[in-house]
Amino acid sequence: MIPAAFDYVRPSTVDEAVAALVAGGEDAKVLGGGQSLMPVLRLRMGAPSVLVDCSRIDELKGISDAGGAIVIGAGVTHDDVEKSALVREHVALLAKVTATVADRQIRHRGTLGGALAHADPAGDQPGTALALGATFTIAGPAGRRTVPASEFFVDYFTTAVGPDEVLVSVSFPKHAGWGAHYERFNRTAQAWAIVGAAATVRMDGGTIAEARVALTNMGPSPVRATTVEAALVGVSTLAGIAAAAAHAADGTRPTGDIHADPEYREHLARVLTRRAVAAAAGI
Amino acid sequence: MTEVVDTPTAFGRPIRRKEDAKLLHGRTNWTDNIQLPGTLHMAMVRSPMAHARIAKVDVTAALARPGVIAAYSAADLGELNSGVPCVWPVSGDDTVMPPFPALATDKVRHVGDVVAVVLATSAAAAEDAIESVDVEYEALPAVVGMLDALSPGSALVHDQATNNTCYVYDLGGGYDEAAAKADVIVKRRFVNQRLIPSFMEPRAVVAAPMGMSDEMTIWTSTQIPHVLRVLLTLVTGIPEQNLRVVAPDVGGGFGGKLQIYREEILALQLARKLGRPVKWTETRSENMVATHHGRDQIQDIELAATKDGTFLGLKVTLLANMGAYLGIITPGTPLLGMFMFPGIYKMDAYQFRCTGVFTNTTQTDAYRGAGRPEATFAIERIVDELAAELGIEPMELRRRNWITHEEFPYTTVAGLTYDTGNYEAATAKALDMFGYDELRAEQKRRREAGDPVQLGIGISTFTEMCGLAPSRTLGALKYAAGGWEHCTIRLLPTGKAELVTGTSPHGQGHETAWSQIASSIIGIPVEDIDVVHGDTGRAPYGMDTYGSRSLAVGGQAIKKAADRLVENARLIAAHQLECAPEDLEFVEGTFKVKGDPEKATPIQAVAWAAFSAHNLPDGVEPMISGAATVDPEDFSYPHGTHLAAMEVDTETGKVRLRKYVCVDDVGIQVNPMIVEGQVHGGVAQGVGQALYEGAEYDPDGNLLTASLADYLIPSAADLPTFETGTTVTPSTTHSLGTKGVGEAGAIASTPAIINGIVDALRPLGVTDVLMPASPQNVWRAIQAAKGGAA
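If you read the sequences in order, they're chains A and B.
Using this note's numbering, read the first sequence as starting at 1 and increasing by one per residue.
Using this note's numbering, read the second sequence as starting at 284 and increasing by one per residue.
For the record, the hints were derived by calculation from the structure and aren't laboratory data.
A quick note: this is a predicted structure, and the numbers were derived from the prediction, not measured.
For each residue, glycine too, the CB sits at the ideal point set by N, CA and C.
Careful: at least some of the hints might be erroneous.
To be verified - Which residues of chain B face chain A? A partial, calculated answer using Cβ under 10 Å:
no.	residue
1	G366
2	A406
3	S568
4	E934
5	L974
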């Protein structure tokens, strides 16, 4: 449990961080809260030559109201996201999902940006970012660029962030007044989600007017259940929700492991989606 | 909750543990905290393959790495490459006892087997260097499952054998005759899965030559410093008088530290060879593959009965996975359960056979309960299956067959004599605490309503055997060591006392409980008694801590030593008070002349008189102590009734332990708070087996559950508050009336949980669920019962 030797730099600006990554080459790695990277290093599953510690860059901190969206710095901890009044009011689903990440100690160290850039298929937040249509601001040697969530998550542990780039912030469109719920299915309280279903809905009277549904761990990258979302519009009964949720696993490619095989994951996706939507809609 | 008990002495009081302030403040002396000048850090080169011929091991490149002082393959180490001993050849000459070299020589036989060792000036340098050891393997077919291992044509784990059978052991007989009279026979195959003892403190060892003497000291995170000293002497040739074994603070064991490990042997041999301290602390990843595993049985069980539910006969046929090698008591561990399959029940016939099987997996050995949890699981599960078959309420079926309290002492069909017990009383109390009838009514409502969340009630009425003794019985079972225990209590000049015990606690609370026993006899306050343990230099005699033996056996030695100390003190007190020894009474620490209460002396004053020795009676030596070595007359038999209310989400297969009630009868209690703590921990561990834990290998012999992210253990967040109660039926074979409590919870709870899940799902046609009863396993069982494609 002792990492291989590495160099360490701690920039104080995003530009310095990018410069350090460029200098470090392919083997340089960004260190955020360290809650995913450090276990990888300790298990020697990775041996980067240099760690660029971005935990002291002011620009990566802070949550702000940008009019139509809430912008969250990549270095904001899960705990600060979960407790933010802005996030709770305008992006309730993200607050609820974040509250389920790991345990309290980890939520105080780990960062939202780190979790999204790590892109673990079992991570709770990537699906929500996808379903809510978040946009990602990424800084690199050529300057800054903005990437929509639909292009950000590329594959298993792979995102649009290049080896010489730093995720700066994530912008979540406001969904004020939307009901939200996350059904996280795990074997022990602190285990990774076997499957998760995140749902947020805008109600019009007792009827679902709009829905966003995301699935955790149903493929190499997060899944937005667009078929379910479409089928939910106009639904006002549990039976209607169940009929829509029956499509939750459509087109997914879940993996199999000792906790769940693909067939069981598909079954769970349908059940959990139904429950999440029902809870979010108050039906 | 712990009841408030008012007792005349400290004995029986739920006082807080002496140990805890130190633990809570981090003032602990873990082995890994020991820092000796000049220490070399040892790292292991472990096999990534389950079964392979070793074509080459070359440490040259590792030796060139910074900080590396030495590196060895088996060939480099030569005769210092001692073997790990097994002390329990259960069937004598018929038991296959293959070599278990500290460094593998010809083949590696499981993932994590050790092929080379590196020593460097820092742990980081050692870990870097193991990547430079050049090992070439020629892969061989891995033997993973027991059924495959026994099939003709299987690859052989040990080439010198003709098959993968370690031994076949038989007990009892007459089942076929009993079964011929039966109205019903229930047959099941249960799988008692492989577990990994997950103690908090990983294993660690420091071995060091002491100055210019010939003495070697080894500090190690072990349950068995005394037994280890003998075994290390035998395998290394270091004279016993020159070897000191110390178990400093030890952070849990659960049987996993009841072992002589190759890393301990290597650290000792290499410290001696190199003349420098050698230190090794395992990582959690190493722990998962290199610390011995537990359980792992395939159990074929048959229970024959009349239609009114009277048990006639029981037949048990086990396959027990040894793993790749035999550790200290690997072959004997499943046999510790062979007497317990009949449980608390009367029957005419019992027939047992166990086959030990070698596989390319980590060795198995003792894990909390060691054989008894497996037996208890099988009998308590099959009793529920018979109840369902006969349509008899499962607790009623138990009542019809259990030994009633008037029938003790009772010699069971397996040949044990249970001294005492009162299953009726414990069960009545448990049912009352549980609200059994109300829960049955709720179960009925949920069934009738077709609720997606079904309710089940799980029952486990268990007994177990603790305090493995007497020694001659262990000898008859071919176990190499005895079952006695030692205690010496020394009065110090200022009126304090040192209690030297041969037990070796690793979380149990011996320092508190032993002080309570001694205080109640010698009259010195608990806080004035220091308990010395776990160091062969300070506590030379002992048999250590495992099998719930410490109080059951060690407690008797404390009582006898304390009684002797008082008698020795009495001679001096009588001399001082100018009376005959028999004219003194000893009350709460004071010798008083009978009929003349003004003439009295506290034992502390007697201690000073014995130290100054100015005025001792003729023939009485200075200083006062009492010592005793006790070999108990028989085992002890704790018992209890455990009840679990299980909610099962039939849509997802997820289960929730809603309520858990247990009433344990562990005999007389020295400290009810410690009893309660032991029961809570044990129950949690048994729930762990039922719901969460399970070591799984892929077909190539790779451990799939090789980290705590995949090998799930429950935390407080996953468990309800257990409601514990006790009844007290004193043991009549143990002088304190105590029975032992360390394993009871782990033995009893697993079948209660699984019985509860099956009870919830039986209307759906489910008759068993695989352990751990993960959501997927439960969901599959439901799907299979529905007849759908699972």
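Here is how each hint holds up against the structure:
At its closest, the beta carbon of G366 (chain B) sits 29 Å from a beta carbon of chain A; the interface hint therefore is violated under the 10 Å criterion. The beta carbon of A406 (chain B) is positioned within 10 Å of a beta carbon in chain A (closest approach about 6 Å), and the interface hint is therefore held. The beta carbon of S568 (chain B) is positioned within 10 Å of a beta carbon in chain A (closest approach about 7 Å), and the interface hint is therefore held. For E934 (chain B), the suggested interface contact is upheld, since its CB lies about 5 Å from the closest CB of chain A, less than 10 Å.
For L974 (chain B), the shortest C-beta to C-beta distance to chain A is roughly 8 Å, which falls under 10 Å, so the interface hint holds.
The structure fails hint 1 only (numbered hints given earlier).
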